[in-house]
Every structure is written in C-alpha cells, then in structure tokens.
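Following the hints, position chain B against chain A.
From first to last, the protein sequence lines are chains A and B.
Residue numbers are given in UniProt numbering: position 307 of the first sequence equals residue 307, and the series is strictly consecutive.
Residue numbers are given in UniProt numbering: position 72 of the second sequence equals residue 72, and the series is strictly consecutive.
None of these hints come from the bench; they were simulated from the model.
Certain hints may be false.
Unchecked claim - Simulated restraints, written as ranges between beta carbons of each label pair: (1) Q168(B) to E86(A): 34 to 44 Å; (2) A231(B) to R74(A): 27 to 37 Å; (3) V21(B) to A163(A): 34 to 44 Å; (4) E165(B) to G137(A): 26 to 36 Å; (5) W99(B) to A182(A): 33 to 43 Å; (6) V29(B) to G66(A): 53 to 63 Å; (7) P222(B) to D8(A): 15 to 25 Å; (8) S2(A) to F85(B): 35 to 45 Å; (9) S2(A) to M140(B): 50 to 60 Å; (10) E86(A) to M140(B): 41 to 51 Å; (11) F85(B) to E126(A): 52 to 62 Å; (12) W99(B) to A163(A): 25 to 35 Å; (13) F85(B) to R74(A): 20 to 30 Å.
Yeah, the Cβ is synthetic: ideal placement off N, Cα and C, and Gly gets one too.
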Amino acid sequence: MSPIIDIDHLSKRYDSGTFALKDVSLQMQEGEILALLGPNGAGKTTLISIICGLVTPTEGTVRVGGHDIRTDWRAARKLIGLVPQEITLEPFEKVIDCVRFTRGLYGEAPDDAYIEKLLRSLALWEKRDARTRELSGGMKRRVLIAKALSHRPKVLFLDEPTAGVDVALRREMWEVVRELRAEGVTIILTTHYLEEAEDMADRIGVINRGQLLLVQPKAELMGEFGKKRLMIDLYEPLANLPPELAERGLTLSADGRQLGYDYDTRAERTGIARLLGDLTAHGIAVRDVATKQSSLEDIFMSLVAEPKKETA
Amino acid sequence: MNWPSVKAVYHHEMSRFFRTVFQSLASPVLSTVLYFVVFGAAIGGRIQSVEGVAYGAFIVPGLMMLTVLQQSVSNASFGIYFPKFSGTIYEYLVAPTGWIEVTLGFVGAAASKAVLIALVILLTSFWFNGVHIAHPFWMMAFLILTALAFSMLGFIIGLWAKSFEQLQIVPMMVITPLVFLGGAFYSASMLPPFWEGVAKLNPVLYLISGFRWSFFDLADVPVFTSLVAVAVMIVVCMAIIRWIFATGWRLRE
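Only chain A is shown next, with the shape it has when bound in the complex (with noise of 0.2 Å):
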C-alpha cells in the first residue's frame, strides 16, 4: 500500500545557513498515528508547516496521498487539516460559523448535518452559538480541532494539542485523537509530554536539531523500555561464573564483583527469585541488589543530549 504521507529527503535551510530541516524522509501509512517528540525549536513545526504549505523547503519532496505539496498543492492541501500550536480563533464569531468558514474555505459544500456530528463528537454542539471569546481555552482549542476536520481531511497535524493544558483536559484530547484514529483519520502529532506519545502513539519519532533521530513502533520502543537490569554486588569477587549461571543469562562484571541480569518486566516470571536461589546454592553471598529501568525519556534524553565539547 502506497505511504498517505511521503516524505524524501526535505531539508529547510534559511538564508543565515542555519538548518531548520536537515534530511528528514519519513513514510506514514493511512490510519497511523504518529509522535513527534523534540526539544523546542527542534524543527517540529518546521516539518509540520512544510507540508501544510506554510513553509517552503529548500529541498526535497513531500507527497500526501500521492500528490505534491509544491506542484499539485491543491489535492494535496484538500486531504489535509491542522490544529496550530498557537490558539488563534477570531473573537467575534460563533462557533458555528468558524466551521462552517473553514469548511467553505476548502471548497466544500454546506453541509451542516456533517458539522453537527462533529460539534457533537467536540461536545461543542451546546456552544454552537456562542462566540470564540466567551470559550474556555478547552473549548477554543476543540474548536480548532472542529475547523481543522470541517473539510473531512485524511491527515490529521496536531501541533502540541496539549501544550499548557490541564490534566483533565490532556487527557480530554488524548480521547478526541482516539476516535479520529477509529475514523481512519492519520494523525501527526508532536508533544513535550512522552506520556502523551506513550500513550496514542503507534509509532514515535524523535527529532532534534532539524534531524529525524530516530522512528520506531512504539511497541519495539515499550519492549526496550520494559526491560530492567538487576545488579547484584557480591561480597567476595568471583574469577569465573559458574556456567549454569551463565547459561541463564547471567553477566560477571570484568572486577568479579558485580552480576548483572537483563529481565523483562511484563513477563509473567522474571525469574529472579529462582536466580538468587541459584546464588545461594553455589555459595554466592549477596552484598546487595539493584535494579534500573531505561524509560522513554532515558533514551529520547540520551538522543538529543548536547554532544559534550572535547577539551584539550
């Protein structure tokens, strides 16, 4: 199945020579959910922006659902909706009005059956009266959702939907973006939060000074998370591992003084208390134990750590 969203090598430089984008290709197929995760100014809005037509690439290509941002700009823009980071509605008018503009915008007919549904989906419908500046930052930020669905897009960007949202509100959103992904709606969004891309994500990208660090499933990045290390500090320093030890995955240390033991946490046994059983019978005194786990953040930390300068 060809990718709804494709991207080839786009880069953003500005005339400072400064990189905005630096050779980021990504492919995304109907229905997924993507996660952008970053520091500010990382290049997520940059991305973001270049496929929604606000910024022009210096190279590369983008196609959404077959179509070129640049030569067949108008299919390509049809199939696409954005919610800014920035909440920007015009105060004056009513709620149902801004959709029904941004709907006529894209060159849709009336239809306001289709924008009941979606006001009722936002439970936006009761406010359908009121004007944008009578609207709880919640609501504004539903409504951007509302605007950005008016046209029945088929990529969805949300650019930090969540950014300096309350908890229940967070998780409000999170809800929204489920159902549209139960509607087969792509969606593309980028957060701070990593709970967030934990939790909606089906695969998570990490970008970081313009580059695309790293895109995986998320569920090879959970396996990864869920694995743990135990480390067992032994009183006396051992010179070989007994080999049944090792044979259960066990690790001597290069000193002797330390076992190290990967486990997964999920697993239904993890088999450490059968392992320090084993330790006791071969005459193996136990100093002490400890566990670490890597999480997200560990490696999205570890990815877009400053690289420490080198000192003569």
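Below, chain B without anything else, positioned relative to chain A:
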C-alpha cells in the same frame, strides 16, 4: 478557480459588516450629511453654480468618491490585517485556495461594502439636492471599478502593515489629501493653469472626473482617460498582490 472558497471568504467578510451594520453605515452617512450641510448649504449658498450645476449637487459625486475611496481602503486593509493580527491568517495559507480566490473574496467584500455605503449617501443627497444622473450605467460602472481598485490598494496596505498605526497612516496621509486635491469640491478648470497641470498628476482626479461626468456630462479630463486610469490601477494592484502571495512577503514570516 475555486469559487466556493471565494464565496466563503466573501460571506465571512460581509458578515463582519452586517454584525456592525449600524456603525458601518451611520458613521460615513453622518459625516457626509455634515459635508452637505457645511459645503452644500452654508458655503454652497454663496456659490451660484459650477459650470452650470448647483454647487450642492456638484459636490455629490466628489463626496461619494471620497467615501468610496476611504471605505474601500479601510475595509480591505482591515479585512486582511485582522487575520494577520489574530493569527488566523494561517487558515488562508494552508487551504487549497490560491491568491486569486483570497483576493477576490476580500476585495469583493470590501468593494461591496463601499458601494453600498456610497449608494446610501446618494439616497441621502437626494434629500438635500435634486441630483440628476445623466449616465446611470456609467455611474455604477465607475463606482464599482473605483471601489475595486481602491479595495485592492487597501488589501495591499493590509498585507504590508505590521501594526494598526501603519494600517491607518496611508489612508490618513495619502488617500484623504489626494481626494481633496482631486477635485472633490471644485472643478480643476477653476484652478490657475499651473495648478491645473499639477492637479492632473493626481490619479484620483481622473476617477472623480469620470464619475462626475456620469452625473452631469461634465469632465475635467476625457472620460476614456478616466477609464484607462482605473483599469491601470486595477492591473498594477493585481500584479503586486500576486507577487506578495508568490513570495510570501509579510505573509509567511
């Protein structure tokens, strides 16, 4: 051409006008009534006629033009500046809508509002003066073309402006003087020959002259020249707007 998009932008802009219809109409009508009272009744009472036309009636086309120019520029400039100010401009830039659709929507709405207000002023003027329109078709044609040309100019000002101050400075410092010096209240032939020559450098003179011709069959410059002037202005403004959208100048920053 994506006509539903043009319609959407047009309706969106017109709804802003109708939301505040009273103040949109009341202010220009009130100021024009004051012009009629001061220039038409008070001062005009001491002026017999201009080229055979009663002074009170003579100033009607000039006053209508003054309003059309001011309203066209301010409606169109505010119309496009406000989305820039509020941030909603992104919608126009990410939609499958080209510069021509956006321009037609904004400019069409701004020109419609200006023409509506001008017609209300014309109706008001009937109450003060017995104005006779010699060429009604050309009167409407000049009115609409001028409204379109100056709405385009206003659209450019709105795209260019970075602040509300900039938005107001061009209409205040350029448009109003050009209208006053363009023969709104007098005929260019009333000026000494040198100043008549200078006045003819003012493009607004050609618009007012053509418009006045449609009322009284009197013109400072040939009617065809007036039509060419307005057509040239429309073409130049279209080219500038197209360039702004193509380069993203002051739009995609």
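A quick look at each hint next to the structure:
no. : hint                           : result
1   : Q168(B) to E86(A): 34 to 44 Å  : violated (26 Å)
2   : A231(B) to R74(A): 27 to 37 Å  : holds (30 Å)
3   : V21(B) to A163(A): 34 to 44 Å  : holds (39 Å)
4   : E165(B) to G137(A): 26 to 36 Å : holds (30 Å)
5   : W99(B) to A182(A): 33 to 43 Å  : holds (38 Å)
6   : V29(B) to G66(A): 53 to 63 Å   : holds (55 Å)
7   : P222(B) to D8(A): 15 to 25 Å   : violated (59 Å)
8   : S2(A) to F85(B): 35 to 45 Å    : holds (41 Å)
9   : S2(A) to M140(B): 50 to 60 Å   : holds (54 Å)
10  : E86(A) to M140(B): 41 to 51 Å  : holds (44 Å)
11  : F85(B) to E126(A): 52 to 62 Å  : violated (30 Å)
12  : W99(B) to A163(A): 25 to 35 Å  : holds (32 Å)
13  : F85(B) to R74(A): 20 to 30 Å   : holds (27 Å)
Checked against the numbered hints given earlier, this structure breaks hints 1, 7, 11; the rest are met.
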